[in-house]
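Q: Add chain B to chain A, keeping to what the hints say.
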Amino acid sequence: GENVEQHPSTLSVQEGDSAVIKCTYSDSASNYFPWYKQELGKGPQLIIDIRSNVGEKKDQRIAVTLNKTAKHFSLHITETQPEDSAVYFCAARGYSSASKIIFGSGTRLSIRP
Amino acid sequence: EPEVTQTPSHQVTQMGQEVILRCVPISNHLYFYWYRQILGQKVEFLVSFYNNEISEKSEIFDDQFSVERPDGSNFTLKIRSTKLEDSAMYFCASRSITSGSLGNEQFFGPGTRLTVL
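Those protein sequences? They're chains A and B, same order as listed.
One point on numbering: in this note's numbering, the residue at position 1 of the first sequence is 1, and numbering is uninterrupted.
Throughout, this note's numbering is defined as the position within the second sequence, counted from one, plus 113.
In isolation and in its complexed conformation, chain A is listed as follows (with noise of 0.2 Å):
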């Protein structure tokens, strides 16, 4: 069945370092790929998604790069901050717009001051 892989489960990065959160898919259907942090008692929140037909897309420190061959996609955090450290979500949805989100296991950032 559809399957999102995420690695790894924690990092710890010094403040001012990058973090990279690395995920890989099962279903070659799927077409969007969002990616989600989760602050302590709060839902998932969007903060970056890119489309099968994008390599690469960077929204201020925030980017993602997306392997459609490979089924492979990252998150890269630059210049990490204290108020990156959250549990980290990719995820995958399929053809129609309309589909489920199939979310990865959770990478727990935290940043080191």
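Since the hints were derived computationally from the structure, they do not count as laboratory data.
One or more hints might be untrue.
Subject to a maximum C-alpha distance of 25 Å in a straight line, what follows is the list of computed SDA-like cross-link-like pairs (lysine to any residue) [said to hold, decoys possible]:
#1 Lys155(B) / Pro82(A)
#2 Lys37(A) / Gly94(A)
#3 Lys155(B) / Ala29(A)
#4 Lys196(B) / Ser105(A)
#5 Lys196(B) / Ser179(B)
#6 Lys68(A) / Asn53(A)
#7 Lys37(A) / Ile48(A)
#8 Lys155(B) / Ile48(A)
#9 Lys71(A) / Lys155(B)
#10 Lys22(A) / Lys191(B)
#11 Lys42(A) / Val229(B)
#12 Lys37(A) / Lys196(B)
#13 Lys42(A) / Ser209(B)
#14 Lys37(A) / Asn165(B)
#15 Lys191(B) / Asn165(B)
#16 Lys58(A) / Glu114(B)
#17 Lys42(A) / Phe178(B)
#18 Lys155(B) / Gly41(A)
#19 Lys42(A) / Val160(B)
#20 Lys155(B) / Ser28(A)
Simulated coverage check for chain B against chain A, where a stretch passes if three residues somewhere in it have a Cβ under 8 Å from a Cβ of chain A [what the hints assert, rightly or not]:
#21 130–141
#22 161–171
#23 220–226
Note that the structure is a prediction, hence the values are computed from the model and not measured.
Just so it is clear, CB atoms sit at the ideal spot from N, CA and C, and this is done for glycine as well.
A: Frame of chain A, contents of chain B only:
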């Protein structure tokens, strides 16, 4: 900024009891979803709803679960006879019908923590 709201924030119930979780999606959205997250695990899709009917449901969404849009604003998830393993955070999400990149995003509510004793 419009947002999805959910009530209650925390629901405690006895095993075998019925619970109804309530959600108010963003007003101009037409696609609605329920997801759940067991403590420490990934967010899992339960059901999607459009045009007053279920569009898709997962294996988790068995006969004990039902969804309803009783009026123009609320979207509810009912669990008829709760089990211990139903304990989880339940998230409602909604999406607009706008085509293109603006219509892709599902907006999530803050969640209802369900504890079954």
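Q: Taking only the CA atoms, is the gap from lysine 58(A) to glutamate 114(B) under or equal to 25 Å?
A: holds, 24 Å
Q: Is the straight-line distance between the alpha-carbon of lysine 22(A) and that of lysine 191(B) 25 Å or less?
A: violated, 36 Å
Q: Keeping to a limit of 25 Å between CA atoms, is the pair of lysine 42(A) and serine 209(B) held or broken?
A: holds, 21 Å
Q: Can the region 161–171 of chain B be counted as covered by chain A under the rule of three residues or more with Cβ-Cβ separation shorter than 8 Å?
A: The restraint on the region 161–171 of chain B holds, since 5 of its residues have a Cβ under 8 Å from chain A and three suffice.
Q: Are 3 or more residues of the region 220–226 of chain B near chain A, judged by a Cβ distance of less than 8 Å?
A: Result for this restraint: holds, n = 5.
Q: Are the Cα positions of lysine 196(B) and serine 179(B) separated by 25 Å at most?
A: Holds - the C-alpha atoms of serine 179(B) and lysine 196(B) are around 15 Å apart, at most 25 Å.
Q: What's the verdict on lysine 191(B) and asparagine 165(B), does the C-alpha distance respect the 25 Å limit or exceed it?
A: holds, 16 Å
Q: Please verify whether lysine 155(B) and isoleucine 48(A) have alpha carbons no more than 25 Å apart.
A: Since the Cα atoms of lysine 155(B) and isoleucine 48(A) sit roughly 19 Å apart, the hinted pair holds (cutoff 25 Å).
Q: Is it true that the CA of lysine 42(A) sits at most 25 Å from the CA of phenylalanine 178(B)?
A: holds, 24 Å
Q: Lysine 155(B) and alanine 29(A): Cα distance at most 25 Å?
A: Measuring from Cα to Cα gives roughly 21 Å; hence the hint holds.
Q: Checking one constraint from the list: CA of lysine 42(A) to CA of valine 160(B), max 25 Å. Satisfied?
A: Since the Cα atoms of lysine 42(A) and valine 160(B) sit roughly 20 Å apart, the hinted pair holds (cutoff 25 Å).
Q: Does the region 130–141 of chain B contain three or more residues whose Cβ lies closer than 8 Å to a Cβ of chain A?
A: violated (count 0)
When the structure is compared with the earlier hints, violations turn up for hints 10, 12, 14 and 21 and for no others.
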